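Participant: Here is how the chains run, residue by residue.
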Amino acid sequence: MEDNMMIKNVNNMPQANNLRNDFPALQGTMHGKRIAFLDSGASAQKPRAVIDAVTKAYAEGYANIHRGLYAFSQQKTAEYEAARAKIARFIGAPSPDQIVFTRNATEGINLVAQSWGRAFLTAGDEIILTEMEHHANLVPWHILKDQIGIVIKYIPVTDQGELVYESLLSLLSPRTKLVSCTQVSNVLGTVNNINRIKTILSVFNPDIRLLVDGSQAVVHRAVNMVDLDADFYVFTGHKLYGPTGVGVLYGKSALLNAMPPYQGGGDMIDRVTLDGSTFATAPARFEAGTPAIAEVIGLGAAVDYVTHIGMETIHAWEEDLVSYATEALRKMDGVRIIGEAEDKAGIISFTVEGCPSADVAMILDQCGVAVRTGHHCCQPLMARFGVDGTIRASFGLYNDKNDIDQLIDGLMKAKRMLV
Amino acid sequence: MAQHIDEIIESFSLLDDWESRYSLLIDLGKNLPDFPEHLKSDENLVKGCVSKVWMVPQINEGIFTFIGDSDAHIVRGLVGLLHIIYSGQPVDSLKVIDIEGIFEKFSLVQNLSPNRRNGVFAMIEKIKASSPR
Numbered sequence: 000m001e002d003n004m005m006i007k008n009v010n011n012m013p014q015a016n017n018l019r020n021d022f023p024a025l026q027g028t029m030h031g032k033r034i035a036f037l038d039s040g041a042s043a044q045k046p047r048a049v050i051d052a053v054t055k056a057y058a059e060g061y062a063n064i065h066r067g068l069y070a071f072s073q074q075k076t077a078e079y080e081a082a083r084a085k086i087a088r089f090i091g092a093p094s095p096d097q098i099v100f101t102r103n104a105t106e107g108i109n110l111v112a113q114s115w116g117r118a119f120l121t122a123g124d125e126i127i128l129t130e131m132e133h134h135a136n137l138v139p140w141h142i143l144k145d146q147i148g149i150v151i152k153y154i155p156v157t158d159q160g161e162l163v164y165e166s167l168l169s170l171l172s173p174r175t176k177l178v179s180c181t182q183v184s185n186v187l188g189t190v191n192n193i194n195r196i197k198t199i200l201s202v203f204n205p206d207i208r209l210l211v212d213g214s215q216a217v218v219h220r221a222v223n224m225v226d227l228d229a230d231f232y233v234f235t236g237h238k239l240y241g242p243t244g245v246g247v248l249y250g251k252s253a254l255l256n257a258m259p260p261y262q263g264g265g266d267m268i269d270r271v272t273l274d275g276s277t278f279a280t281a282p283a284r285f286e287a288g289t290p291a292i293a294e295v296i297g298l299g300a301a302v303d304y305v306t307h308i309g310m311e312t313i314h315a316w317e318e319d320l321v322s323y324a325t326e327a328l329r330k331m332d333g334v335r336i337i338g339e340a341e342d343k344a345g346i347i348s349f350t351v352e353g354c355p356s357a358d359v360a361m362i363l364d365q366c367g368v369a370v371r372t373g374h375h376c377c378q379p380l381m382a383r384f385g386v387d388g389t390i391r392a393s394f395g396l397y398n399d400k401n402d403i404d405q406l407i408d409g410l411m412k413a414k415r416m417l418v
Numbered sequence: 176m177a178q179h180i181d182e183i184i185e186s187f188s189l190l191d192d193w194e195s196r197y198s199l200l201i202d203l204g205k206n207l208p209d210f211p212e213h214l215k216s217d218e219n220l221v222k223g224c225v226s227k228v229w230m231v232p233q234i235n236e237g238i239f240t241f242i243g244d245s246d247a248h249i250v251r252g253l254v255g256l257l258h259i260i261y262s263g264q265p266v267d268s269l270k271v272i273d274i275e276g277i278f279e280k281f282s283l284v285q286n287l288s289p290n291r292r293n294g295v296f297a298m299i300e301k302i303k304a305s306s307p308r
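Line by line, the protein sequences are chains L and V.
So that you can map any letter, position 276 of the first sequence is 275 in our numbering, and since no number is skipped, the others follow by simple counting.
So that you can map any letter, position 30 of the second sequence is 205 in our numbering, and since no number is skipped, the others follow by simple counting.
Read the hints as simulated data drawn from the structure, not as lab findings.
Treat the numbers as computed from the prediction; the structure is a model and nothing was measured.
There's no promise every hint is true.
Straight line, CA to CA, 20 Å or less: simulated SDA-like cross-link-like pairs of lysine to any residue [stated by the list, open to error]:
no., chain 1, residue 1, chain 2, residue 2
1, V, Lys222, V, Gln233
2, V, Lys222, L, Gly373
3, V, Lys227, L, Glu352
4, V, Lys205, L, Val418
5, V, Lys205, L, Gly385
6, L, Lys176, L, Ser166
7, L, Lys414, V, Leu199
8, L, Lys414, V, Glu194
9, V, Lys227, L, Met381
10, L, Lys414, V, Lys215
11, L, Lys152, L, Pro205
12, L, Lys412, V, Trp193
13, V, Lys227, L, Phe384
14, V, Lys303, V, Leu199
15, L, Lys412, V, Glu194
16, L, Lys412, V, Ile201
17, V, Lys227, L, Phe119
18, L, Lys251, L, Phe119
19, L, Lys32, V, Glu194
20, V, Lys222, V, Phe241
21, L, Lys152, L, Leu170
22, L, Lys414, V, Ser198
23, V, Lys215, L, Pro259
24, V, Lys227, L, His374
25, V, Lys227, L, Gly385
26, V, Lys215, L, Gly373
27, V, Lys205, L, Met416
28, L, Lys412, V, Leu190
29, L, Lys32, V, Gln233
30, V, Lys222, L, Asp387
31, V, Lys227, L, Leu417
32, V, Lys205, L, Arg415
33, V, Lys222, L, Cys376
34, V, Lys280, V, Phe187
35, V, Lys227, L, Pro379
Here are the computed distance ranges between Cβ atoms for each label pair [stated by the list, open to error]:
no., chain 1, residue 1, chain 2, residue 2, range
36, L, Ala253, V, Leu214, 52 to 60 Å
37, V, Asp181, L, Tyr153, 53 to 61 Å
38, L, Gly385, V, Glu218, 18 to 26 Å
39, V, Glu194, L, Asp332, 15 to 23 Å
40, L, Gln378, V, Glu182, 39 to 47 Å
We put the CB at the ideal spot given by N, CA and C, even for glycine.
So that you can see chain L by itself, here it is in the shape it has in the complex (with noise of 0.2 Å):
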């Protein structure tokens, strides 16, 4: 029995969650059954506050943003860029220009590829990445690499899957470019200390940019751009309980507007001749077309709806439902936590001996729970740990221990028909 993860005294924390009640979707049932809702990871559920923004988006004073000149259009600008702020804002950022908004965290993090990683990487120059990054943040790169022929380089991680920060020193090189790590683990739940990685990248060479996957960050605790001081971030904004369509990509002003642009079209230009164009400066260069405009101003009221209930609320609120499944899950027999890293937010990963992960998934669907299974896009980490997939429950703030009783109860029938 593994006991380097503190397991926290959660017998005072209430049995249910009034928040669920703020989630229309988790009213409704799953076969029949309560439904335990434990993929937030893959995308959370809306609160009616972000659903009734999106449908008041398009049903009042509708109309395309900037340069109308009528007040629809006004109107529907002010409530665009009102978002970017409150986004700024909420990520610490210093300036609401530093927020580019994407579709996704993915598109973010192929826009610095193509963008900053063409402009300024030549081939030889090399990039560290981790062994336990999601394809989002590995195949980019392997794109990058056939084009132009970088070195790309990996932070292993140990068994507890933990990153084994000593070994950046010797992956640094003088032709070291890049170093792009997600803060917190998809399968793992894995907090990484980003803090820790820029402290020895500034000290080798603070030249090194730093790009920090937020994806699953953001959601679980509060985080600072000040603080962290990477040079990139990306999220996206369907597991912060905002609309899907919508991410985006903060980056040091400096580099940004150093940055060509990603894709071409309206809304991104300074002036445009038959003869060629001139771009804007960040963040309008790297929003060419009309924007998701609806999507944009919902993932603005999700931003108000999670700093209203307060980031360190829901960050202690899953820290105590981390520590309650994972004393749960240890005292079944056969299974296996992958991942007991000392700091761990809103996501456990684990197998059952005997059962297959899509059997498991299977009857937890008909109990109503519903988790995710398989390799969770990050096939090189299932390798490094010698597993073909994992069943993963992963919380949002509208969780409780109904939801994890719920699991644990569904655990013990899938053991039952399959053992």
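Chain V: place on chain L using the hints.
Facilitator: Then chain V, alone, in the frame of chain L:
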């Protein structure tokens, strides 16, 4: 096959809870002929399944059969179901079997019925691909 599949359909219809139906499905999987380990290759993997499914079609004098396996028990049961439906059929008839109609009679839950994006559909497509027409 008509007789055999009707018996299976009747067995399923007698079960009024998902747990018993899933258990019957798991038992069907246990009756599948052994699948040789060396055939569990990438080439024989059915693409589009969340769990691993291997299938090797065989045609003998115009009669279709296949061997198959899965790393998941419930999915192996579905392979067993397809084996009962398709194995021993003339290869010409593979495309005319009303598979959606048969699955409807099983009153299995929705996620185990052939939909374009799930593994059962992918298995059926692989079977139908053996048909000359």
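Participant: In ascending order, which of the hints set out earlier in this document are inconsistent with the structure?
Facilitator: Hints 5, 10, 14, 17, 23 and 29 are the ones this structure does not satisfy, whereas the remaining hints hold.
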